[in-house]
Every structure is written in C-alpha cells, then in structure tokens.
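**Student:** Single-letter residue listing:
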Amino acid sequence: AQSVTQLGSHVSVSEGALVLLRCNYSSSVPPYLFWYVQYPNQGLQLLLKYTSAATLVKGINGFEAEFKKSETSFHLTKPSAHMSDAAEYFCAVSLETGANNLFFGTGTRLTVIP
Amino acid sequence: ETGVTQSPTHLIKTRGQQVTLRCSSQSGHNTVSWYQQALGQGPQFIFQYYREEENGRGNFPPRFSGLQFPNYSSELNVNALELDDSALYLCASSLGGLRETQYFGPGTRLLVL
Numbered sequence: 024a025q026s027v028t029q030l031g032s033h034v035s036v037s038e039g040a041l042v043l044l045r046c047n048y049s050s051s052v053p054p055y056l057f058w059y060v061q062y063p064n065q066g067l068q069l070l071l072k073y074t075s076a077a078t079l080v081k082g083i084n085g086f087e088a089e090f091k092k093s094e095t096s097f098h099l100t101k102p103s104a105h106m107s108d109a110a111e112y113f114c115a116v117s118l119e120t121g122a123n124n125l126f127f128g129t130g131t132r133l134t135v136i137p
Numbered sequence: 010e011t012g013v014t015q016s017p018t019h020l021i022k023t024r025g026q027q028v029t030l031r032c033s034s035q036s037g038h039n040t041v042s043w044y045q046q047a048l049g050q051g052p053q054f055i056f057q058y059y060r061e062e063e064n065g066r067g068n069f070p071p072r073f074s075g076l077q078f079p080n081y082s083s084e085l086n087v088n089a090l091e092l093d094d095s096a097l098y099l100c101a102s103s104l105g106g107l108r109e110t111q112y113f114g115p116g117t118r119l120l121v122l
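Line by line, the protein sequences are chains G and D.
Using this note's numbering, the first residue of the first sequence is number 24, and each one after it goes up by one.
Using this note's numbering, the first residue of the second sequence is number 10, and each one after it goes up by one.
Please note that a few of the clues may not be correct.
[Claimed, not checked] Quick list of the computed label-pair ranges, beta carbon to beta carbon:
| no. | chain 1 | residue 1 | chain 2 | residue 2 | range |
| --- | --- | --- | --- | --- | --- |
| 1 | D | G49 | G | K92 | 39 to 49 Å |
| 2 | D | H19 | G | T129 | 21 to 31 Å |
| 3 | D | P71 | G | T78 | 21 to 31 Å |
| 4 | G | T74 | D | G37 | 13 to 23 Å |
| 5 | G | Y62 | D | L20 | 41 to 51 Å |
| 6 | G | K81 | D | T29 | 35 to 45 Å |
FYI, nobody ran anything at the bench for these hints, they're computed from the structure.
Here a beta-carbon is modelled for each residue, glycine too, at the ideal position from N, C-alpha and C.
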C-alpha cells in the first residue's frame, strides 16, 4: 500500500523566509511523487513531479523538492517566501498498479506574514 | 491549448436528490479521473475512465457512477445524495498510462442540504 503523510497542517513563515513543507511517503516500490498547490476556491495546480530521473526536482514559482529514499521523504522548499505563496499544498503519490490515480496527503496550509 | 473545465461551478441539492457533474478534458488527453475533496481534507479518488471504460475505482459506493464520451469528456453522477456528499468535486485529465501527470479543473462545489 502507498500513502503520504504531511507533517504540520498549518505552517506560517515571514515574507522572505525559507519555506519548508514536509512530506513522507510509504511505498513498496519506487514511487512517483507530486506536489500540488491549491489557491482559495480553485482546483489543484502541479508544482513539481518526481519521476526518478533526478533526486532534486525544480518546479514552478521557485519551489523545489528533494527525494530522499533513506528518509522516505519528499519535502518542498522555497528559499524566500512571497505573499502570493499563501495557499494549501498537497503532496501526492501515484499508485503502483491499476489506475493512474493519486493518493493525497491531508494538506498543509501555508500562511505568509508580511 | 484548452485546460480542464468543469460545470457547474456551484450546486445546491437536497438530500435524496440526484446530481450530474460535467468535465471536459484537456486537449489530447484520453483519461479522466474524479476526486472528492471534503472541507479541510485532501482529494480522494472516486474513479477513472480511460477511453470510455472505467479503469479503476476508489472506496465509494455504487451510487457514485460515471461516463466518458467519445470526445473524452466525462460525467459524474451521484444518486440518493447524502449530507456527507457535500464537497468539492475535482476532475483531472491525463494521457493514458501509469504515473502520467494529472491536470485538474477548478472543481464543482456541491452543497447538500
């Protein structure tokens, strides 16, 4: 079975500070991992995707994530937070068989303090 | 390139009624997945359609059903609505194949009274 755990349902950072959103996964096979962002009253937008080609994945809006197999982690980071980064962030893993569906974590709401 | 679109944007129904939600996939995509996102939760997989056939289903009862049309657009039907069906329903389209990136629409917010 595959699952993801997002530590911290709410994270607050000051504008210009480092953003770190945590995601740990459990998987019996090498997973594909995703980070999506959801702005208020909108759908999900793909930030980045890990496909085993490189452990450090760069995404849109200055975000990146590093796949660490030894820690079963795929944390999302951004060096300097911007007010426009305030949103809900979801980590997701694709299932190993069957339909190409995603299993999502419970999300982390990021607040950026001016 | 047209993205994923969903209609309606909002809907209010009463318990016991039936509802149909619609999704148009992104150009070139042949796979549509539906997710339910309850308030404060992550999306949960309902089912997926690939070339008009159901290609997988999550832990949802049979009163949740769907269709995919030859142009790859899709419908989600929910019968005998319950209060707990109140949620944001998200549609995502992708190319066929495992682990293809899914692109999400803006969702339909359903309120069941």
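**Student:** Work down the list of hints and note, for each, if the structure agrees.
**Tutor:** Structure-based check of each hint:
1. Taking 39 to 49 Å as the suggested C-beta distance range, the pair G49 of chain D and K92 of chain G does not conform, at roughly 31 Å.
2. Range check, H19 of chain D to T129 of chain G: Cβ separation about 24 Å, and the 21 to 31 Å hint holds.
3. A C-beta distance of roughly 42 Å is found between P71 of chain D and T78 of chain G, which places it outside the suggested range of 21 to 31 Å.
4. Between T74 of chain G and G37 of chain D the CB atoms are about 20 Å apart, so this pair conforms to the stated range of 13 to 23 Å.
5. Checking the proposed 41 to 51 Å range against Y62 of chain G and L20 of chain D shows it is violated: the Cβ atoms sit about 21 Å from each other.
6. Remark: the range hint 35 to 45 Å for K81 of chain G to T29 of chain D is upheld by a beta-carbon distance near 40 Å.
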